[in-house]
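Engineer: Sequence:
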Amino acid sequence: MVDGDKPFGVVVNGLAHACVGMGAQLKQSNTPLRVVRCSQQQLRDSRESARSQGLMLVDFTQTMTGDTYVEQLQRTKASASEELEYYAVLVAGQAEQVAALAPTSNLSAEGVTL
1 MVDGDKPFGV
11 VVNGLAHACV
21 GMGAQLKQSN
31 TPLRVVRCSQ
41 QQLRDSRESA
51 RSQGLMLVDF
61 TQTMTGDTYV
71 EQLQRTKASA
81 SEELEYYAVL
91 VAGQAEQVAA
101 LAPTSNLSAE
111 GVTL
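Numbering-wise (the working numbering), the sequence shown opens with residue 1 and increments by one.
Hints are computed from structural coordinates only; laboratory data are not their basis. Cβ coordinates follow ideal geometry from the N, Cα and C atoms, glycine included. Take these hints with a grain of salt, some might be off.
[Said to hold, decoys possible] Taking CB as the label site, the calculated pair distances span:
1) D5 / L33: 14 to 22 angstroms
2) R51 / Q74: 20 to 28 angstroms
3) A99 / V70: 20 to 28 angstroms
4) Q74 / A100: 19 to 27 angstroms
5) Q97 / T68: 29 to 37 angstroms
6) S81 / V35: 34 to 42 angstroms
7) Q72 / P7: 14 to 22 angstroms
8) L73 / A16: 12 to 20 angstroms
9) E96 / V70: 33 to 41 angstroms
Using the sequences and the hints, build the whole thing.
Structural biologist: Here it is in structure tokens:
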């Protein structure tokens, strides 16, 4: 899921970072990827739901941009959860569980296979 209000480059950057992180955990190929544009609140709600269900989750936030990796990590750790602005949230799990997380409102969705 990506923030539908952010510019294309910001979203692709966040999605790419999240995919690399998720790919390292999954260690498999041909994983279907459904990209859904969401509001910031939908990203937060879906992320929290995935976390509470124990699903594999990788996110990318505004605090993870600019400066060095160390500064990004410090900035992210120092930010309260409600202060984080999510660019992308990637969730892996059983298809039914993951599909239930994705908002179904008037937002666009595209399926892609990595």
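Engineer: Each hint: holds or not?
Structural biologist: Status of the hints after comparison with the structure:
1. Restraint check, D5 to L33: a C-beta distance of roughly 21 angstroms satisfies the suggested window 14 to 22 angstroms.
2. In this structure the hint that R51 and Q74 lie 20 to 28 angstroms apart at CB holds, the actual value being about 22 angstroms.
3. Range check, A99 to V70: Cβ separation about 37 angstroms, and the 20 to 28 angstroms hint is violated.
4. Remark: the range hint 19 to 27 angstroms for Q74 to A100 is contradicted by a beta-carbon distance near 35 angstroms.
5. Separated by about 36 angstroms at the C-beta atoms, Q97 and T68 satisfy the suggested range of 29 to 37 angstroms.
6. A hinted range of 34 to 42 angstroms is violated for the C-beta pair S81 and V35, which are about 24 angstroms apart.
7. In this structure, Q72 and P7 meet the distance hint of 14 to 22 angstroms, their C-beta atoms being roughly 20 angstroms apart.
8. For L73 paired with A16, a C-beta distance near 18 angstroms keeps the hint of 12 to 20 angstroms intact.
9. The given range of 33 to 41 angstroms is respected by E96 and V70, whose C-beta atoms sit roughly 39 angstroms from each other.
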